[in-house]
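**Q** First to last, the protein sequences are chains A and H.
Take the first sequence: its position 253, counting from 1, is numbered 253 in the working numbering, and each next residue is one higher.
Take the second sequence: its position 532, counting from 1, is numbered 532 in the working numbering, and each next residue is one higher.
Hints were generated in silico from the structure; no laboratory data involved.
Be careful, since some hints might not be right.
[As the list claims (entries may be wrong)] In the DSS-like style, the derived pairs of lysine-lysine whose C-alpha atoms are separated by at most 25 Å in a straight line are:
1. A:K545 / A:K526
2. H:K140 / A:K154
3. A:K147 / H:K140
4. H:K128 / A:K156
5. H:K156 / A:K140
6. H:K147 / A:K140
7. A:K154 / H:K154
8. A:K140 / H:K154
9. A:K156 / H:K133
10. H:K458 / A:K156
11. H:K123 / A:K154
12. H:K133 / A:K154
13. H:K156 / A:K133
14. A:K156 / H:K140
15. A:K128 / H:K284
16. A:K156 / H:K154
17. A:K154 / H:K128
18. H:K566 / H:K526
19. H:K458 / A:K147
20. A:K147 / H:K147
21. A:K75 / H:K147
22. A:K154 / H:K156
23. A:K147 / H:K154
24. H:K156 / A:K128
25. A:K123 / H:K154
26. H:K458 / H:K372
27. H:K154 / A:K133
28. A:K147 / H:K156
29. A:K154 / H:K147
30. A:K156 / H:K147
31. H:K372 / H:K414
[Claimed, not checked] Covered by chain H, according to a simulated footprint, are these stretches of chain A (three or more residues, beta-carbon under 8 Å):
32. 36-47
33. 56-65
34. 161-171
Model, not experiment: these values are computed from the prediction.
Each residue gets a CB set at the ideal place from its N, CA and C atoms; glycine is no exception.
Number of protein chains: 2
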Amino acid sequence: MMRMDPQELLSLCKRRGFLWPAYDIYGAVAGLYDYGPLGAALKSNIENHWRSLYVLGEGFQEISCPIVAPEPVFKASGHVDAFSDMYVECTNCGETYRADHLATDLHPNPASLSESELGRLLKEKGVKCSECKGELTEPKRFNLMFKTSIGAGKGKTAYLRPETAQGMFVNFAQVYRYGRERLPVGAVQLGRSFRNEISPRQGLIRLREFNMMEAELFVHPEDKSWPRFKDVRGEILPLVPNEGEPRDLSLADAVSKGVIRNEVLAYFMWLTWKFAVDVGLDSKRLRFRQHLKTEMAHYASDCWDLEAEIGYGWTEIVGVADRGSYDVQAHINHSGAELVAFERFEEPREVEMDVVRPNFGALGPLFKGKAKQVAEALSKLDIGTVRGKDKVTVDVGGEKHVVPASCFDVVRKKEKVSGRKLVPHVIEPSYGLDRILFSVLDHAYSKKEDDYIVLRLKALAAPIKVGVFPLMPRDGLDTIATEIFDSLTMRGYTAYYDDSGSIGRRYARMDEVGTPCCITVDYDTKTDGAVTVRDRDSTEQVRIKMESVAEAVAAIVSGAPFSSLKGMK
Amino acid sequence: MMRMDPQELLSLCKRRGFLWPAYDIYGAVAGLYDYGPLGAALKSNIENHWRSLYVLGEGFQEISCPIVAPEPVFKASGHVDAFSDMYVECTNCGETYRADHLATDLHPNPASLSESELGRLLKEKGVKCSECKGELTEPKRFNLMFKTSIGAGKGKTAYLRPETAQGMFVNFAQVYRYGRERLPVGAVQLGRSFRNEISPRQGLIRLREFNMMEAELFVHPEDKSWPRFKDVRGEILPLVPNEGEPRDLSLADAVSKGVIRNEVLAYFMWLTWKFAVDVGLDSKRLRFRQHLKTEMAHYASDCWDLEAEIGYGWTEIVGVADRGSYDVQAHINHSGAELVAFERFEEPREVEMDVVRPNFGALGPLFKGKAKQVAEALSKLDIGTVRGKDKVTVDVGGEKHVVPASCFDVVRKKEKVSGRKLVPHVIEPSYGLDRILFSVLDHAYSKKEDDYIVLRLKALAAPIKVGVFPLMPRDGLDTIATEIFDSLTMRGYTAYYDDSGSIGRRYARMDEVGTPCCITVDYDTKTDGAVTVRDRDSTEQVRIKMESVAEAVAAIVSGAPFSSLKGMK
Numbered sequence: 001m002m003r004m005d006p007q008e009l010l011s012l013c014k015r016r017g018f019l020w021p022a023y024d025i026y027g028a029v030a031g032l033y034d035y036g037p038l039g040a041a042l043k044s045n046i047e048n049h050w051r052s053l054y055v056l057g058e059g060f061q062e063i064s065c066p067i068v069a070p071e072p073v074f075k076a077s078g079h080v081d082a083f084s085d086m087y088v089e090c091t092n093c094g095e096t097y098r099a100d101h102l103a104t105d106l107h108p109n110p111a112s113l114s115e116s117e118l119g120r121l122l123k124e125k126g127v128k129c130s131e132c133k134g135e136l137t138e139p140k141r142f143n144l145m146f147k148t149s150i151g152a153g154k155g156k157t158a159y160l161r162p163e164t165a166q167g168m169f170v171n172f173a174q175v176y177r178y179g180r181e182r183l184p185v186g187a188v189q190l191g192r193s194f195r196n197e198i199s200p201r202q203g204l205i206r207l208r209e210f211n212m213m214e215a216e217l218f219v220h221p222e223d224k225s226w227p228r229f230k231d232v233r234g235e236i237l238p239l240v241p242n243e244g245e246p247r248d249l250s251l252a253d254a255v256s257k258g259v260i261r262n263e264v265l266a267y268f269m270w271l272t273w274k275f276a277v278d279v280g281l282d283s284k285r286l287r288f289r290q291h292l293k294t295e296m297a298h299y300a301s302d303c304w305d306l307e308a309e310i311g312y313g314w315t316e317i318v319g320v321a322d323r324g325s326y327d328v329q330a331h332i333n334h335s336g337a338e339l340v341a342f343e344r345f346e347e348p349r350e351v352e353m354d355v356v357r358p359n360f361g362a363l364g365p366l367f368k369g370k371a372k373q374v375a376e377a378l379s380k381l382d383i384g385t386v387r388g389k390d391k392v393t394v395d396v397g398g399e400k401h402v403v404p405a406s407c408f409d410v411v412r413k414k415e416k417v418s419g420r421k422l423v424p425h426v427i428e429p430s431y432g433l434d435r436i437l438f439s440v441l442d443h444a445y446s447k448k449e450d451d452y453i454v455l456r457l458k459a460l461a462a463p464i465k466v467g468v469f470p471l472m473p474r475d476g477l478d479t480i481a482t483e484i485f486d487s488l489t490m491r492g493y494t495a496y497y498d499d500s501g502s503i504g505r506r507y508a509r510m511d512e513v514g515t516p517c518c519i520t521v522d523y524d525t526k527t528d529g530a531v532t533v534r535d536r537d538s539t540e541q542v543r544i545k546m547e548s549v550a551e552a553v554a555a556i557v558s559g560a561p562f563s564s565l566k567g568m569k
Numbered sequence: 001m002m003r004m005d006p007q008e009l010l011s012l013c014k015r016r017g018f019l020w021p022a023y024d025i026y027g028a029v030a031g032l033y034d035y036g037p038l039g040a041a042l043k044s045n046i047e048n049h050w051r052s053l054y055v056l057g058e059g060f061q062e063i064s065c066p067i068v069a070p071e072p073v074f075k076a077s078g079h080v081d082a083f084s085d086m087y088v089e090c091t092n093c094g095e096t097y098r099a100d101h102l103a104t105d106l107h108p109n110p111a112s113l114s115e116s117e118l119g120r121l122l123k124e125k126g127v128k129c130s131e132c133k134g135e136l137t138e139p140k141r142f143n144l145m146f147k148t149s150i151g152a153g154k155g156k157t158a159y160l161r162p163e164t165a166q167g168m169f170v171n172f173a174q175v176y177r178y179g180r181e182r183l184p185v186g187a188v189q190l191g192r193s194f195r196n197e198i199s200p201r202q203g204l205i206r207l208r209e210f211n212m213m214e215a216e217l218f219v220h221p222e223d224k225s226w227p228r229f230k231d232v233r234g235e236i237l238p239l240v241p242n243e244g245e246p247r248d249l250s251l252a253d254a255v256s257k258g259v260i261r262n263e264v265l266a267y268f269m270w271l272t273w274k275f276a277v278d279v280g281l282d283s284k285r286l287r288f289r290q291h292l293k294t295e296m297a298h299y300a301s302d303c304w305d306l307e308a309e310i311g312y313g314w315t316e317i318v319g320v321a322d323r324g325s326y327d328v329q330a331h332i333n334h335s336g337a338e339l340v341a342f343e344r345f346e347e348p349r350e351v352e353m354d355v356v357r358p359n360f361g362a363l364g365p366l367f368k369g370k371a372k373q374v375a376e377a378l379s380k381l382d383i384g385t386v387r388g389k390d391k392v393t394v395d396v397g398g399e400k401h402v403v404p405a406s407c408f409d410v411v412r413k414k415e416k417v418s419g420r421k422l423v424p425h426v427i428e429p430s431y432g433l434d435r436i437l438f439s440v441l442d443h444a445y446s447k448k449e450d451d452y453i454v455l456r457l458k459a460l461a462a463p464i465k466v467g468v469f470p471l472m473p474r475d476g477l478d479t480i481a482t483e484i485f486d487s488l489t490m491r492g493y494t495a496y497y498d499d500s501g502s503i504g505r506r507y508a509r510m511d512e513v514g515t516p517c518c519i520t521v522d523y524d525t526k527t528d529g530a531v532t533v534r535d536r537d538s539t540e541q542v543r544i545k546m547e548s549v550a551e552a553v554a555a556i557v558s559g560a561p562f563s564s565l566k567g568m569k
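Can you make the complete structure from the sequences, with help from the hints?
**A** Encoded structure:
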């Protein structure tokens, strides 16, 4: 299959109201796009289908957090320290470049070089500004978060979130409580995220402001089974593992052979696959690629990207990762909050543990009237901070007391405990909505010999569900068509009324934006009460009674084949 | 009616998963909230109803623009220069205050004072830091946009949008073209906006990051009639005009008496009213207040706020304004783009106009071979830049030529023209979604004598549509209840499964979050195949067959009274 030219698709998108370069009247800004009416509707349709799978289908809680977040959140997540790229600037014209992009032909992995190594390489090879041939500066690191400040005066340093995920991690305790304190429990968030790219390109693939749909499933760290896995064991996915050959494997085989790490990860890979095919991606141009070992985050135990083959080549559109306890633990460490689940044992268990036993014979003379309070404070200390010490400090009502080791013993004791605290592990399916949308358009785009364009969008995704045309804009045909149009929009179907130009041109306009069917009111309608319904993909036509129009559109929208309309009266 | 304590409502919201203070584990940030699962669902329900009215009902185009925008956009809109408040800082503890808020009891309109006047007043009255009694600095102006920068190196100054409106104004040409070059044409946008408040307070009423739903209707500057106005002429709204007494007026009277400026404004006030009542606001606690003449923007010809009476008092939740050509004209002036509509006359009209007539006798000797091109350039000049000048400069293929007045005449000429360019006027209904959501909760909140809380949300708004309970979590009742739950969620209804605690406690949990009905599966269900449906507001119960459950829930969700279930089998 020929890959299509992305510029051709972008040009259709601009012409027909899917996408507009943002702030075009002020010269536009690279990496920022507007969704026009058709793009915004397509985006909503994809979002709503995703919600139906995750929120209604799997019971995830949808939450919605602010975009602006104070610095400590991203200190904890690692973004303040590590979310950066290197750039160089032209000393003559001021143009900036991703430094590693300038060296793609000069080194196998330029992003792995240090600033000075990369600077040396660029200098050696005589790389200059491609705009004006000016000299370039030394590479510098640039943090990719948009920075801002909250409040007047000095203000608080803040950033625009680079992903929606952190909002769910910092809220784990709330999500867990709302989920009635059971694992697994999942949250999702849909919304804008930001990445201050040094030199954005490739249309919707690398944006400075983009839309994500992320799910965070919090699971028991020792239990990555998944009840519904049994329903999808036999499903086959095309896998590109980081060891061995690409192959099609059933999920059951993939898990039992250890290609996919665990059941829950495999299940959400399948759900991702189902979602992608539902919204209209071509299964023959999709694959799951496992992250290379060098590419995988050190804390992740497994990670797969769903890739779509589009005009730009194989492109990551979703990532599904087992992130272990990394994210939640990072926020525990930085905030001190207790982001844990409590596992209640079926039976209380007897465990042996070390405890501090106060020695009153020694405490009494030393602390007099406060001996009892000091003893209490001692028994509450974390055993790890006491063991082997020759003295410890305790706090009694705000007063510090140094207690010598002679005043206590560390003893082993058996105790019944009813459960234990667990830091949950996170399974994260993370969807790049703009990339998905662009891939859907890419896979739907088809051009016939005479340059006639048809977007073969699934009805579920199509921004307009039905075109409504009076053959002529008069003689009462317009009145009938308007009634049909109104009755369809009242039922919630996005319809498009068009009374200008030949019917052929009107079909062409609808085909080009992916409208699955069109209804024409003609002169016969006035006598036989029937209208013509025309199918986008086959261009077949059937005649149905006006009373059945809503039912016919409902059938098309629900994905029924056009042939099913033939039985209608 | 007693106003409710907003703290009590906020406390319910936090406890039950409507709202959480954002970044709580890092000490939270004033003016930033998370929507928990119930809040996010309520928000989606309100948004979707708004969309159904504006996009499906009135044919507005929904578009979606970036949040980050380059400086020129807000230079043009006036936000860079004028969107600011004054603040003072404590020289001791660093706390910041809205300077005018500190003077509310000291002056009738402290925001109208200059920095130095306000500073003098605060000093005279001895106002100190309320936290530490420290001295305060002189008031300074603080721009309320969050500032950031796009790209590496120096970068481009940019801001987070303070409203979604500008995205629609800068795209007027695109919106007009997509609407097939006809006026009126409307666009809407739903999304986040930002206001870097100096000292946010009042929960969801004054946020630093908030959600808007804005519509911009572009109309013919001389035609503010509205075809559908005739359908709502008789509707009566409670108006508080800026002259005379508050009164209830029909829309027809309000327009004919000049209380409301024009039909289209009146129509969208009515649509706003309908929306508010549809989502559950109490019509007895709503009113339209006209902006005072001192309060109205100089360019606006009329502006009305829909206010809701809530715990904080009468609070603006929507603004409906006739903004004239101000916004579009500002972007024409700053960008040079031609943001105009073209009005085609029914018949070409003969108009008299001044035109430049080149004088070839003088041009020839002066410009030789280029005389013809100079003449062409002359005739394209804007007449206003030529009239009365003793020389003008023209551009021929990039080369500038100074042309003395002897080379041309300005003559009056009759010409047939087919139409004219118009800068559209803007009617703007602008909805504060968070305030609407909070007002919906306020108006729905009710507490019985025994502190039993019921949120009387409309079914359309309710985050959970139905509770599903097995009387006991065993004996097959759980299996039946799970089947009912699954069949409802599969149909798209948000349901809540609850099998713990007494049925009374489960009802109470659902009443407190506004779930309109609950279904209980009991031991009789196994023999008679029927379940109990219980109404939230009346606490009435009816027994219906399991097969009718989906139909019953559909009826409740569509707003049918509970009594309509009694006829079901």
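**Q** Given the hint that K147 (chain A) pairs with K147 (chain H), does the C-alpha gap stay at or below 25 Å?
**A** holds, 8 Å
**Q** According to a criterion of three or more residues whose C-beta lies within less than 8 Å of a C-beta of chain H, is the stretch 161-171 of chain A covered?
**A** holds (count 3)
**Q** Quick one, are K147 (chain A) and K156 (chain H) close enough, alpha carbons at most 25 Å?
**A** holds, 13 Å
**Q** For the pair we were handed, K128 (chain H) and K156 (chain A), check the Cα-Cα distance against 25 Å.
**A** holds, 23 Å
**Q** Is the Cα-Cα distance between K147 (chain A) and K140 (chain H) 25 Å or less?
**A** Holds: K147 (chain A) and K140 (chain H) sit about 23 Å apart, inside 25 Å.
**Q** Holds or violated: K458 (chain H) and K372 (chain H), Cα atoms, limit 25 Å.
**A** violated, 73 Å
**Q** Is K147 (chain H) within 25 Å of K140 (chain A), Cα to Cα?
**A** With Cα atoms ~23 Å apart, K147 (chain H) and K140 (chain A) stay inside 25 Å; holds.
**Q** Verify the proposed pairing of K154 (chain A) with K156 (chain H), using a straight-line Cα cut of 25 Å.
**A** holds, 22 Å
**Q** Are the Cα atoms of K75 (chain A) and K147 (chain H) separated by 25 Å or less?
**A** holds, 21 Å
**Q** Given the hinted pair K545 (chain A) and K526 (chain A), is their alpha-carbon gap at most 25 Å?
**A** holds, 11 Å
**Q** Given as covered by chain H, does the stretch 36-47 of chain A meet the bar of three residues or more with CB within less than 8 Å?
**A** holds (count 7)
**Q** Measure nothing beyond the straight line between the CA atoms of K156 (chain A) and K154 (chain H); if it is 25 Å or shorter, mark the hint as holding.
**A** holds, 22 Å
In summary, the numbered hints that this structure violates are 10, 15, 19, 26.
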